[in-house]
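Please build the complex by placing chains B and C on the supplied structure of chain A, with the hints as guidance.
What follows is the residue order along each chain.
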Amino acid sequence: MTGEQLTLDLDGWEGPLDLLLSLARSQKVDLRQISILALVEQYLRFVDKAGRMQLELAADYLVMAAWLAYLKSSLLLPRQPEEEPDPEEMALRLQLRLERLAAMRECGARLMARDRLGRDVFPRGAPEGLAVQRKAMWQAELYDLISAYGRINARTRPVMHVVVDRQVMTLEAALERVSMLVGSRIDWSAIETFLPDGSERLRRSALASSFLAVLELARQGKVELRQAAPFAPLLIRQPAP
Amino acid sequence: MTEIDPIVRAVEAVLFASPEPMSVDSIRAHVGVGKGGGDIRAALEQLEAQYRGRGIMLVRRGDRWHFQTAPDLAHLLRRDREEARRLSRAAIETLAIIAYQEPVSRAEIEAIRGVAISKGTLDVLMEAGWVRPAGRREVPGRPLIYATTPAFLQHFGLTSRRDLPGLEDLRAAGLLDPVDLALERMGEEDMPDASPDSSEEERD
Amino acid sequence: MTEIDPIVRAVEAVLFASPEPMSVDSIRAHVGVGKGGGDIRAALEQLEAQYRGRGIMLVRRGDRWHFQTAPDLAHLLRRDREEARRLSRAAIETLAIIAYQEPVSRAEIEAIRGVAISKGTLDVLMEAGWVRPAGRREVPGRPLIYATTPAFLQHFGLTSRRDLPGLEDLRAAGLLDPVDLALERMGEEDMPDASPDSSEEERD
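Chains as they are written, first to last, in the working numbering: chain A, 1 to 241; chain B, 1 to 204; chain C, 1 to 204.
Only chain A is shown next, with the shape it has when bound in the complex:
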């Protein structure tokens, strides 16, 4: 049989389906007409021969052999009506798979036979090349410009600290005022009564400077101070003569 003339070089096969396809091809040109039973016989004989030659067959070849042996027996034995799977369908399925593999192999060959770029047809050997030069289109708005100028000016303008004009009472003024007022008091008077009228700011300044003035006058012995407790009213009077 022609099948036996196939060499047993397993490196040449792309798996059991490929081997089956080659065997089928040796049987008939049209895969639709092949005898699955004969194909199974060919395959099993091939595997048997490989075994006798002590060639190591990959597992999937053996799996295929077992499946084909099962298929063969199913096809030969009288069929049980309820038997699943249907052996005819199994055979048909195998045939369809072989057809599809054959079709794709044919397509591969036809692709490879086309005029291929770089092998049969050639692009220009030395194209000048096309360059895309990116050109920036700079954008800025007038606002960006003037606010930038404002920013620079603000940043670099000489810094000038303007002190807000505030009403204060100097120590000299306080000394004078307290010295003058204390002489007109008969009894102890709270320090607040020595302060001038005016804004709160002025009164606070006057309180501070009057306090210092009172301390200075007390040091000179020109006033007496009395305070009952911390933060109690600070009382002042002219020392008894």
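For the record, the hints were derived by calculation from the structure and aren't laboratory data. Note that the coordinates shown come from a computational prediction; the quantities given were computed from them, not determined experimentally. No false leads were slipped in.
Keeping only pairs whose Cα atoms sit at most 20 angstroms apart, straight-line, the calculated EDC-like set for lysine to aspartate or glutamate is:
#1 Lys119(C) with Glu108(C)
#2 Lys72(A) with Asp86(A)
#3 Lys222(A) with Glu192(A)
#4 Lys135(A) with Glu82(C)
#5 Lys119(B) with Asp60(A)
#6 Lys135(A) with Asp80(C)
#7 Lys135(A) with Asp123(C)
#8 Lys72(A) with Asp48(A)
#9 Lys72(A) with Glu84(A)
#10 Lys119(B) with Glu102(B)
#11 Lys119(B) with Glu14(A)
#12 Lys49(A) with Asp60(A)
#13 Lys135(A) with Glu83(C)
#14 Lys72(A) with Glu82(A)
#15 Lys49(A) with Glu14(A)
#16 Lys72(A) with Asp60(A)
#17 Lys72(A) with Glu88(A)
#18 Lys119(C) with Glu102(C)
#19 Lys72(A) with Glu41(A)
#20 Lys135(A) with Glu127(C)
#21 Lys49(A) with Asp18(A)
Same frame as chain A, but now just chains B and C:
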């Protein structure tokens, strides 16, 4: 070659200078005629006709155009060029399956070939720039699927995938359908009372 | 392009595919016509004539031949693409100084900004077409001075530089205030002098 239209001239120069096939849009961007590009297409058609029968020809690959040498002169040009690396049988078959049935998953390729594909096979095709991953199939496991590239069309001289040799015949013969689908079809036609379910049963 | 001589076709293809200019001898080695090479020269002359006026031309450099794109179409091979880009802070400040105080030297700009400006900054402004060198200042070192251009006025919608808002306008618009001062002022406005006492009492 007689009087020549300025746009035809410009398109010719740009395509000659380009190291790669060019789309109508990129040609127009260089040639600089505005509008809808109808004039570029007209120029391409003129060029195609003018170069017909010459040593070089204008061809369309996918939606891109380029000049190449005439195929019948291959023998003059092939000398002193090293033959491109030969593809293995596995790679050729895998490429054919992807091209004719794209997008396909690795498992689908293996089902058709009846054998596992080694990792290197797909790598070789991707390295050649002919095949690319094209997303995932929305089935359990979400397998990667593969498709061909514009470079594939270019290399094999195809205007589009529809130009694949024999594609229509294969489709008409149902040879691009999976076995299960083919069986179902046959069941419907030939054996009206066969149970298509049984076909599901024995995958090997 | 009518009927074409087979040798002319072959020479055309060989020259097209060659990565470098070819001598008559090397063309003949590919095209494979024997004899004295007179036919190659004749083919080259025919090609030269056929391509005259087209987008590509056959040229002879020394004793070698090659195709090249027509020189008058060189501008098509280089496409400019405009990309909108915003000026950097340094660039816009530099531009503002030039606009308000032109002509100014680089050193003057730096003195006003309080930082050195990179060469690129002025380049960008000149590339934009808004600033030009406007002579040299007659001081030691004769530094270049810069001024704005009509394109500057046009871009910013100004009739003349006098349209630029002056310092007083900027002050009125709050554009002269340093950020921290402006913040302070906002603070004051928030709490006028509602109850300055209470607010002051909480200190110490």
